[in-house]
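Colleague: Sequence lines, in order, name chains C and D.
Using the numbering used here, the first residue of the first sequence is number 1, and each one after it goes up by one.
Using the numbering used here, the first residue of the second sequence is number 144, and each one after it goes up by one.
No lab work stands behind these hints, which were simulated from the structure alone.
Backbone N, C-alpha and C define an ideal beta-carbon position, used for all residues, glycine too.
Some hints here could point you the wrong way.
[Claimed, not checked] Now the in silico label distances, taken between C-beta atoms and shown as ranges:
{"id": "1", "chain 1": "D", "residue 1": "PHE212", "chain 2": "C", "residue 2": "CYS66", "range": "19 to 27 angstroms"}
{"id": "2", "chain 1": "C", "residue 1": "GLU9", "chain 2": "D", "residue 2": "LYS299", "range": "38 to 46 angstroms"}
{"id": "3", "chain 1": "C", "residue 1": "THR20", "chain 2": "D", "residue 2": "HIS358", "range": "48 to 56 angstroms"}
{"id": "4", "chain 1": "C", "residue 1": "ASP111", "chain 2": "D", "residue 2": "GLY214", "range": "36 to 44 angstroms"}
{"id": "5", "chain 1": "C", "residue 1": "TYR74", "chain 2": "D", "residue 2": "THR279", "range": "34 to 42 angstroms"}
{"id": "6", "chain 1": "D", "residue 1": "GLU347", "chain 2": "C", "residue 2": "SER114", "range": "45 to 53 angstroms"}
{"id": "7", "chain 1": "C", "residue 1": "LYS62", "chain 2": "D", "residue 2": "LEU218", "range": "16 to 24 angstroms"}
{"id": "8", "chain 1": "C", "residue 1": "ASN89", "chain 2": "D", "residue 2": "GLY251", "range": "49 to 57 angstroms"}
{"id": "9", "chain 1": "D", "residue 1": "LEU218", "chain 2": "C", "residue 2": "TYR74", "range": "28 to 36 angstroms"}
{"id": "10", "chain 1": "D", "residue 1": "LYS250", "chain 2": "C", "residue 2": "GLN22", "range": "51 to 59 angstroms"}
{"id": "11", "chain 1": "D", "residue 1": "TYR167", "chain 2": "C", "residue 2": "ASN120", "range": "52 to 60 angstroms"}
{"id": "12", "chain 1": "C", "residue 1": "CYS99", "chain 2": "D", "residue 2": "VAL197", "range": "23 to 31 angstroms"}
{"id": "13", "chain 1": "C", "residue 1": "TYR74", "chain 2": "D", "residue 2": "ALA341", "range": "21 to 29 angstroms"}
[Said to hold, decoys possible] Computed list of chain C residues with no C-beta within reach of chain D, every gap over 10 angstroms:
{"id": "14", "residue": "HIS16"}
{"id": "15", "residue": "TRP24"}
{"id": "16", "residue": "GLY41"}
{"id": "17", "residue": "GLU51"}
{"id": "18", "residue": "ASN54"}
{"id": "19", "residue": "HIS55"}
{"id": "20", "residue": "THR56"}
{"id": "21", "residue": "LEU57"}
{"id": "22", "residue": "LYS116"}
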Amino acid sequence: MSEHASSPEITFHPDHSGGTKQIWKTFWLLSALTIVELILGLLIYNIHKGENPNHTLVLAFKGMVCILTLAKAYYIVSIFMHLGDEVRNLIMTIIVPLCLFIWFIAAFLWDGDSWKNLRNRYNRTEVKIEKVAPAAKEHGAKD
Amino acid sequence: MSTAAVQQGTKWWSGGKSPFNASYGKVMMWYFLMSDAFTFGAFLISYGTIRFSVNDWADPNQVFNSFPFAGHANLPLAFVSLMTFILIASSVTMVLAVHEGHNMNRKGVEKYMILTIIGGIAFLSCQAWEWTHLLTGEHVALLNDGTLSVLPTTVKTNPWGAAVSHEAVAAALQNTPQTQLAAIAASLHHGTEVHNVAAMSNAELIKFIESADLHASQTGPIAFGGYFFGITGFHGFHVFSGVIINIIMYIKTKLGHFDQRGHYEMIEKAGLYWHFVDLVWVFVFLCFYLI
Numbered sequence: 001m002s003e004h005a006s007s008p009e010i011t012f013h014p015d016h017s018g019g020t021k022q023i024w025k026t027f028w029l030l031s032a033l034t035i036v037e038l039i040l041g042l043l044i045y046n047i048h049k050g051e052n053p054n055h056t057l058v059l060a061f062k063g064m065v066c067i068l069t070l071a072k073a074y075y076i077v078s079i080f081m082h083l084g085d086e087v088r089n090l091i092m093t094i095i096v097p098l099c100l101f102i103w104f105i106a107a108f109l110w111d112g113d114s115w116k117n118l119r120n121r122y123n124r125t126e127v128k129i130e131k132v133a134p135a136a137k138e139h140g141a142k143d
Numbered sequence: 144m145s146t147a148a149v150q151q152g153t154k155w156w157s158g159g160k161s162p163f164n165a166s167y168g169k170v171m172m173w174y175f176l177m178s179d180a181f182t183f184g185a186f187l188i189s190y191g192t193i194r195f196s197v198n199d200w201a202d203p204n205q206v207f208n209s210f211p212f213a214g215h216a217n218l219p220l221a222f223v224s225l226m227t228f229i230l231i232a233s234s235v236t237m238v239l240a241v242h243e244g245h246n247m248n249r250k251g252v253e254k255y256m257i258l259t260i261i262g263g264i265a266f267l268s269c270q271a272w273e274w275t276h277l278l279t280g281e282h283v284a285l286l287n288d289g290t291l292s293v294l295p296t297t298v299k300t301n302p303w304g305a306a307v308s309h310e311a312v313a314a315a316l317q318n319t320p321q322t323q324l325a326a327i328a329a330s331l332h333h334g335t336e337v338h339n340v341a342a343m344s345n346a347e348l349i350k351f352i353e354s355a356d357l358h359a360s361q362t363g364p365i366a367f368g369g370y371f372f373g374i375t376g377f378h379g380f381h382v383f384s385g386v387i388i389n390i391i392m393y394i395k396t397k398l399g400h401f402d403q404r405g406h407y408e409m410i411e412k413a414g415l416y417w418h419f420v421d422l423v424w425v426f427v428f429l430c431f432y433l434i
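Chain C extracted, bound-state conformation:
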């Protein structure tokens, strides 16, 4: 019954008669990925709680969580939103513009990091407080 004339310019209809097996498979996959993410999140929490947290390890776990999130996004878009069933033309007009995000994320986070470094290098209020006592309040109020 999937043959329906929703729009005359549509050439073919993807076959949707396959049942709900793939949907449930995706549901369990998404749940499993979320549980793995939660486990990694709790690991990060426990590392932070301990003495002398290992920052490289925390960063590695955070990177893994990011990759798992991208995997979840892929399954939601491809299976739940049926983008995988669309023709290549449509897929490309959605995916290609989103590639701008790669540069957005890299450039802006880089910028934020640069601000932090510049601030830490040149905004050392505590040094000024020691040297010029009367001005200390002014500097302190600014931050």
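Using the hints provided, position chain D relative to the given structure of chain C.
Modeller: Structure of chain D alone, referenced to chain C:
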């Protein structure tokens, strides 16, 4: 995958057929969602930029560690994972509704739309609880003027800075005026013993507070609350409008509009929006709660 079903050499661009093999409405829904993805992306990247530009940021496991009816138990990630699973489950019921729509099964669409609407309302209720908990929460923070005060998490206050040592807390208590001490003391008793804190003297209050093993932190970057409430609020607004759209779709299904039309494509379009809301939550969950 199913592109294999297309005949070889189909001339997509020669006119008379959609080059995207989709109706106008569906293509436009996809482009709306793409632009919405850029809006959310801009918000999240802006949040990331500010977070990268300061030396310390609130630890999500400290901020989001409570659960309804669990009192003061320390349960990091628990409530937000419940919210995540609610949204994934409602996404599944939505895709099942779309599936029933393909099969022209009105009763099936109705059933799964109801379940999806319930999931959406459950998510919004969870978010309402979490916001209330943060906005009315009481955390003792060391202010810039050297006094201690009880602060909630709002767009103007952030009590989630670095921890303050016990000696510093003891010193700051001596500088704190009576009204602030009374507020701290009132936030410490957990409903079991009610003292008349307003009538107590400074020395009595300090003794009472110190006996309760007070933990305090510095104030954190003020941007935290603005970004958290702004982005989760914008997402929550999407969930809310998604619930409204789904209710309208349910009513239209019930009235038999789609049966008359001969197809359930409106359910597909509403479904695209609903899945997008789930997709955004995956990234909000990542940026605010996990990392």
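Colleague: Could you check that no beta carbon of chain D comes within 10 angstroms of the beta carbon of LYS116/C?
Modeller: The assertion about LYS116/C is violated, with a minimum of 5 angstroms to chain D.
Colleague: Tell me if the beta carbons of TYR167/D and ASN120/C are separated by a distance inside 52 to 60 angstroms.
Modeller: 53 angstroms, holds
Colleague: Take a quick look at HIS16/C and tell me if its Cβ sits farther than 10 angstroms from every Cβ on chain D, holds or violated.
Modeller: Non-interface label on HIS16/C violated, nearest chain D Cβ at 4 angstroms vs cutoff 10 angstroms.
Colleague: Assuming the hint says 23 to 31 angstroms, is it satisfied by the Cβ distance from CYS99/C to VAL197/D or not?
Modeller: For CYS99/C and VAL197/D the Cβ distance comes to about 29 angstroms; the hint holds.
Colleague: Taking the CB of GLU347/D and the CB of SER114/C, does the distance hold inside 45 to 53 angstroms?
Modeller: At roughly 51 angstroms between Cβ atoms, SER114/C and GLU347/D fall inside 45 to 53 angstroms, so the hint holds.
Colleague: Verify that the Cβ of ASN54/C lies farther than 10 angstroms from every Cβ atom of chain D, and report whether the claim holds or is violated.
Modeller: 16 angstroms, holds
Colleague: Should the label of HIS55/C as a non-interface residue stand, given a Cβ cut-off of 10 angstroms to chain D?
Modeller: 13 angstroms, holds
Colleague: Taking the CB of THR20/C and the CB of HIS358/D, does the distance hold inside 48 to 56 angstroms?
Modeller: At roughly 50 angstroms between Cβ atoms, HIS358/D and THR20/C fall inside 48 to 56 angstroms, so the hint holds.
Colleague: Could you see if the CB distance from ASN89/C to GLY251/D stays within 49 to 57 angstroms?
Modeller: Between ASN89/C and GLY251/D, where Cβ atoms are some 31 angstroms apart, the hint is violated.
Colleague: When you take the CB atoms of TYR74/C and THR279/D, is the distance between them in 34 to 42 angstroms?
Modeller: 39 angstroms, holds
Colleague: Taking the Cβ atom of LYS250/D and the Cβ atom of GLN22/C, is their distance within the range 51 to 59 angstroms?
Modeller: 22 angstroms, violated
Colleague: Note whether the CB distance of PHE212/D and CYS66/C lies within 19 to 27 angstroms or breaks it.
Modeller: 33 angstroms, violated
Comparing the model with each earlier hint shows violations of hints 1, 2, 8, 10, 13, 14, 15, 16, 22; every other hint is respected.
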